[in-house]
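Protein chains: 2
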Amino acid sequence: MLNIAIIGVGTVGTSVAQILQDNKDVITARAGCELVPTVGVVSNLDKKRDVNIRLTNDIDSVLNDESIDIVVELMGGVDKPFEVVKKALQNKKAVVTANKALLAYHRYELQDIAADTAFEYEAAVAGGIPIINALRDGLGANHILGIKGIMNGTCNYMLTKMINEGVEYDQILKESQELGYAEADPTFDVGGFDAAHKLLILASIAYGLDAKPEDILIEGIQDISSADINFAKEFNYTIKLLTIAKKVGMEVELRVHPVFISQDEMIAKVDGVMNGVSVIGDKVGETMYYGPGAGGDATASAVIANIIDIARRGKGSPMLGYQIPLESNFTLASADSIQTKYYLRLEVEDKCGVLSQIASILGERNISIETMNQKPLDDDRANLLLSTHVCKEVDIKAALKDLENEKAVKAKPVMIRIDS
Amino acid sequence: MLNIAIIGVGTVGTSVAQILQDNKDVITARAGCELVPTVGVVSNLDKKRDVNIRLTNDIDSVLNDESIDIVVELMGGVDKPFEVVKKALQNKKAVVTANKALLAYHRYELQDIAADTAFEYEAAVAGGIPIINALRDGLGANHILGIKGIMNGTCNYMLTKMINEGVEYDQILKESQELGYAEADPTFDVGGFDAAHKLLILASIAYGLDAKPEDILIEGIQDISSADINFAKEFNYTIKLLTIAKKVGMEVELRVHPVFISQDEMIAKVDGVMNGVSVIGDKVGETMYYGPGAGGDATASAVIANIIDIARRGKGSPMLGYQIPLESNFTLASADSIQTKYYLRLEVEDKCGVLSQIASILGERNISIETMNQKPLDDDRANLLLSTHVCKEVDIKAALKDLENEKAVKAKPVMIRIDS
Numbered sequence: 101m102l103n104i105a106i107i108g109v110g111t112v113g114t115s116v117a118q119i120l121q122d123n124k125d126v127i128t129a130r131a132g133c134e135l136v137p138t139v140g141v142v143s144n145l146d147k148k149r150d151v152n153i154r155l156t157n158d159i160d161s162v163l164n165d166e167s168i169d170i171v172v173e174l175m176g177g178v179d180k181p182f183e184v185v186k187k188a189l190q191n192k193k194a195v196v197t198a199n200k201a202l203l204a205y206h207r208y209e210l211q212d213i214a215a216d217t218a219f220e221y222e223a224a225v226a227g228g229i230p231i232i233n234a235l236r237d238g239l240g241a242n243h244i245l246g247i248k249g250i251m252n253g254t255c256n257y258m259l260t261k262m263i264n265e266g267v268e269y270d271q272i273l274k275e276s277q278e279l280g281y282a283e284a285d286p287t288f289d290v291g292g293f294d295a296a297h298k299l300l301i302l303a304s305i306a307y308g309l310d311a312k313p314e315d316i317l318i319e320g321i322q323d324i325s326s327a328d329i330n331f332a333k334e335f336n337y338t339i340k341l342l343t344i345a346k347k348v349g350m351e352v353e354l355r356v357h358p359v360f361i362s363q364d365e366m367i368a369k370v371d372g373v374m375n376g377v378s379v380i381g382d383k384v385g386e387t388m389y390y391g392p393g394a395g396g397d398a399t400a401s402a403v404i405a406n407i408i409d410i411a412r413r414g415k416g417s418p419m420l421g422y423q424i425p426l427e428s429n430f431t432l433a434s435a436d437s438i439q440t441k442y443y444l445r446l447e448v449e450d451k452c453g454v455l456s457q458i459a460s461i462l463g464e465r466n467i468s469i470e471t472m473n474q475k476p477l478d479d480d481r482a483n484l485l486l487s488t489h490v491c492k493e494v495d496i497k498a499a500l501k502d503l504e505n506e507k508a509v510k511a512k513p514v515m516i517r518i519d520s
Numbered sequence: 101m102l103n104i105a106i107i108g109v110g111t112v113g114t115s116v117a118q119i120l121q122d123n124k125d126v127i128t129a130r131a132g133c134e135l136v137p138t139v140g141v142v143s144n145l146d147k148k149r150d151v152n153i154r155l156t157n158d159i160d161s162v163l164n165d166e167s168i169d170i171v172v173e174l175m176g177g178v179d180k181p182f183e184v185v186k187k188a189l190q191n192k193k194a195v196v197t198a199n200k201a202l203l204a205y206h207r208y209e210l211q212d213i214a215a216d217t218a219f220e221y222e223a224a225v226a227g228g229i230p231i232i233n234a235l236r237d238g239l240g241a242n243h244i245l246g247i248k249g250i251m252n253g254t255c256n257y258m259l260t261k262m263i264n265e266g267v268e269y270d271q272i273l274k275e276s277q278e279l280g281y282a283e284a285d286p287t288f289d290v291g292g293f294d295a296a297h298k299l300l301i302l303a304s305i306a307y308g309l310d311a312k313p314e315d316i317l318i319e320g321i322q323d324i325s326s327a328d329i330n331f332a333k334e335f336n337y338t339i340k341l342l343t344i345a346k347k348v349g350m351e352v353e354l355r356v357h358p359v360f361i362s363q364d365e366m367i368a369k370v371d372g373v374m375n376g377v378s379v380i381g382d383k384v385g386e387t388m389y390y391g392p393g394a395g396g397d398a399t400a401s402a403v404i405a406n407i408i409d410i411a412r413r414g415k416g417s418p419m420l421g422y423q424i425p426l427e428s429n430f431t432l433a434s435a436d437s438i439q440t441k442y443y444l445r446l447e448v449e450d451k452c453g454v455l456s457q458i459a460s461i462l463g464e465r466n467i468s469i470e471t472m473n474q475k476p477l478d479d480d481r482a483n484l485l486l487s488t489h490v491c492k493e494v495d496i497k498a499a500l501k502d503l504e505n506e507k508a509v510k511a512k513p514v515m516i517r518i519d520s
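If you read the protein sequences in the order shown, they are chains A and B. Numbers given in this note's numbering equal positions in the first sequence, counted from 1, plus 100. Numbers given in this note's numbering equal positions in the second sequence, counted from 1, plus 100.
Hints were generated in silico from the structure; no laboratory data involved. The model shown is predicted, which means the values in this text are computed figures rather than measured ones. Please note that the accuracy of each hint is not assured.
It does not matter which identical chain is used: a pair holds within one copy or between any two.
Claimed, not checked - Straight-line distance between alpha carbons at most 25 Å, and here's what the computed DSS-like set of lysine-lysine pairs gives:
{"hint": "1", "residue 1": "Lys192", "residue 2": "Lys369"}
{"hint": "2", "residue 1": "Lys346", "residue 2": "Lys124"}
{"hint": "3", "residue 1": "Lys124", "residue 2": "Lys347"}
{"hint": "4", "residue 1": "Lys369", "residue 2": "Lys451"}
{"hint": "5", "residue 1": "Lys492", "residue 2": "Lys415"}
{"hint": "6", "residue 1": "Lys497", "residue 2": "Lys192"}
{"hint": "7", "residue 1": "Lys512", "residue 2": "Lys333"}
{"hint": "8", "residue 1": "Lys274", "residue 2": "Lys501"}
{"hint": "9", "residue 1": "Lys261", "residue 2": "Lys369"}
{"hint": "10", "residue 1": "Lys147", "residue 2": "Lys274"}
{"hint": "11", "residue 1": "Lys441", "residue 2": "Lys347"}
{"hint": "12", "residue 1": "Lys369", "residue 2": "Lys333"}
{"hint": "13", "residue 1": "Lys124", "residue 2": "Lys501"}
{"hint": "14", "residue 1": "Lys186", "residue 2": "Lys475"}
{"hint": "15", "residue 1": "Lys475", "residue 2": "Lys148"}
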């Protein structure tokens, strides 16, 4: 029997306690022993909660309780849970967390402390999908060449609606907020930061690469319009917010941004609030993992998978191979080193000569145009939509600056990378 | 350091040896120790092989060699590998096998012998996709409500070609044989038997259910024609050979047959030689796993995942919870208890009154028609294509017999189940 303390009894914590009790039969069979949710730690004892376990607001007594084997951290935030997890690990308790922000900043410090105890976080990435399990165990024989993830359900729901129903960004954001799919301040989701936290965790598993959110390229979906979506469709693309890891020699690109991606790719078929992660291994090729990225029960399913794993492997089973880069000398690639195709939307004066001006600005930066569409707007303006051949990120960035300073270009240009 | 013996050095065995050497850096980091392919056992020592390990044809010396920690069985067949694996387990070696036929018949006997040693077989199901890992570990918190798998690449390649290119079965079978995607005697693949072996393995992991191939419903893709495919497309279906496990109360349906499945389902999007497995957990909902189901390197990737796992957990780590049903009193459902929608193709005389005769035969068996198409054939005949509302398998079977005896029906009726 293992005693489990749940720190933070909100939606996920409640599901963890309930599922450990409801599905005790299969969980015991798979774990090899009984897993008992013994106590929940909450800040407000007066709040009604749908759980059948002892509740306390005395977190220290729980962290110091020698009968507690596994601490499940579901508090949210970064600083407070960091202290809690640290103390639990120092007290030789196994720790399971679903806290991606905590891990995005402190996973290496915590793994160091957890050198001789289990520290697991399957639920922190892509909710109910056992992607860490797959990446760490199932694909363990492989060098990971790349990862493409759809790991933010809010963005994917919004983009799917925009693509399928022709709804504009502002309207679908409002709808998503009313449905509870988007927060009142949606920046964390639509700005790509949530997805970036998850990407950093996967990058540690795949590459042993230590990077913080501040170190990597993060762009959100806020500037995408129906004009972009229609252009994408015309050329057999869809638009997804992708988390991308890409091994290029001994460098790894880590980035989160919207991408034009071929409709034929399996990951492009992941729609709505669902999540999907495609992984390319050097030996196995592409495998993809699909499922719910959020929700109390789905997230709790992943938390409990970790608890079962700890029961089977023993509390003192550290992760292996993630303290240092898995292959020596891996470094984070500079965002400027990206080479890909690009899509540009330029609002221009609808008059003679503008097109050649634009083409010449791009040409001077070694950017050659692959396809182009011009669509009239109101007020003697037009949308110039174009895609480029493969070129360098530094060149596109420079060209975008040139274009912004060009008189005939009437609004900030929009750039979206094309998967190629 | 763990010493590994590879019994059978064909395509997969060669890949196992090569990858253990090529990817030694990541594999050692993830396993926590060096994994050394020490010896390969072959029947013909004179055959050239692209491996850099010692080869022998003396299998007994290897099985009795105390320095060998892990035996990888890749011989093929059932009886001989059964003896080899049994002896290896009795000698307290951990065993990894990719042999689905062996497991379809002997997994419970072997797991009994392996009560205190590791016995793993990730590669036996869906090749490089870590589906056993997911089902056993990642989804461990869940009662499994159902599984739908595309686990035979040959069938999926053929059906995809038939659907996308309008090619008839016989032509695409010939092409597949020329490309090496289908065997000279293709029965094992196109008849559904290969997929059935894999389903039985998953049924043990998900339900602890002991069943043999002879116990379950297995139908192949041989009777599917372009008429069926066109009808399916018209109603937004595609046709896939699915392996299905479905929990109905305390019974579990296990079956392999072609299915009309909505094009919108994620599993329906798995095309070509690729495999996919969709799993419904009672808590997590649907997750899906996609990847290559065959190939030397992809299969070896799964074999080595097991070897790494054994290195991490220890040689003496039996699987848990699969010797007995995970929930007590689970039984295999009779194939007659299926209830679903059905598609029928009837070659009938193209004359007045036939339609009402058919409808009346179906009506007498409590089968009501949902959609119907009649397409003229040559010789005063027509294809009558119809789908039913949900009805009972026993009723459809009885109706099919009635229809076969009906004078106006000129060929054996074709029935395909509809996912509903």
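Cross-check of the supplied hints:
Within a single copy, lysine 192 and lysine 369 get their C-alpha atoms no closer than 43 Å, and across copies no closer than 46 Å, so neither meets the 25 Å cut-off. In this assembly of identical chains, the alpha carbons of lysine 346 and lysine 124 lie at most 25 Å apart only when taken from different copies (21 Å versus 41 Å within one copy). In this assembly of identical chains, lysine 124 and lysine 347 lie within 25 Å of each other by CA distance solely across copies; the values are 18 Å between and 42 Å within a copy. In the homo-oligomer, the alpha carbons of lysine 369 and lysine 451 never lie at most 25 Å apart, since the shortest distance is 39 Å inside one protomer and 45 Å across protomers.
In this homomeric assembly, lysine 492 and lysine 415 never come within 25 Å of each other (Cα to Cα): the closest approach is 48 Å inside a single copy and 50 Å across copies. Neither within a single protomer nor between protomers do lysine 497 and lysine 192 lie at most 25 Å apart by alpha-carbon distance, with minima of 50 Å and 62 Å respectively. Taking the shortest Cα distances, lysine 512 and lysine 333 sit within 25 Å of each other inside one copy (23 Å), while across copies they are farther apart (45 Å). In this homomeric assembly, lysine 274 and lysine 501 never come within 25 Å of each other (Cα to Cα): the closest approach is 32 Å inside a single copy and 58 Å across copies.
Both within a single protomer and between protomers do lysine 261 and lysine 369 lie at most 25 Å apart by alpha-carbon distance, with minima of 13 Å and 20 Å respectively. Taking the shortest alpha-carbon separations for lysine 147 and lysine 274, neither the intra-copy value of 30 Å nor the inter-copy value of 68 Å comes in at or below 25 Å. Within a single copy, lysine 441 and lysine 347 get their C-alpha atoms as close as 18 Å, which meets the 25 Å cut-off; across copies the closest is 48 Å, which misses it. Taking the shortest Cα distances, lysine 369 and lysine 333 sit within 25 Å of each other both inside one copy (14 Å) and across copies (19 Å).
Proximity of lysine 124 and lysine 501 under a CA criterion of 25 Å is satisfied in neither setting, with 60 Å inside one chain copy and 46 Å between copies. For a Cα distance limit of 25 Å, the shortest separation of lysine 186 from lysine 475 qualifies neither inside one copy, at 57 Å, nor across copies, at 71 Å. Taking CA atoms no more than 25 Å apart as the test, lysine 475 paired with lysine 148 passes in neither setting, with 57 Å inside one copy and 64 Å between copies.
When the structure is compared with the earlier hints, violations turn up for hints 1, 4, 5, 6, 8, 10, 13, 14, 15 and for no others.
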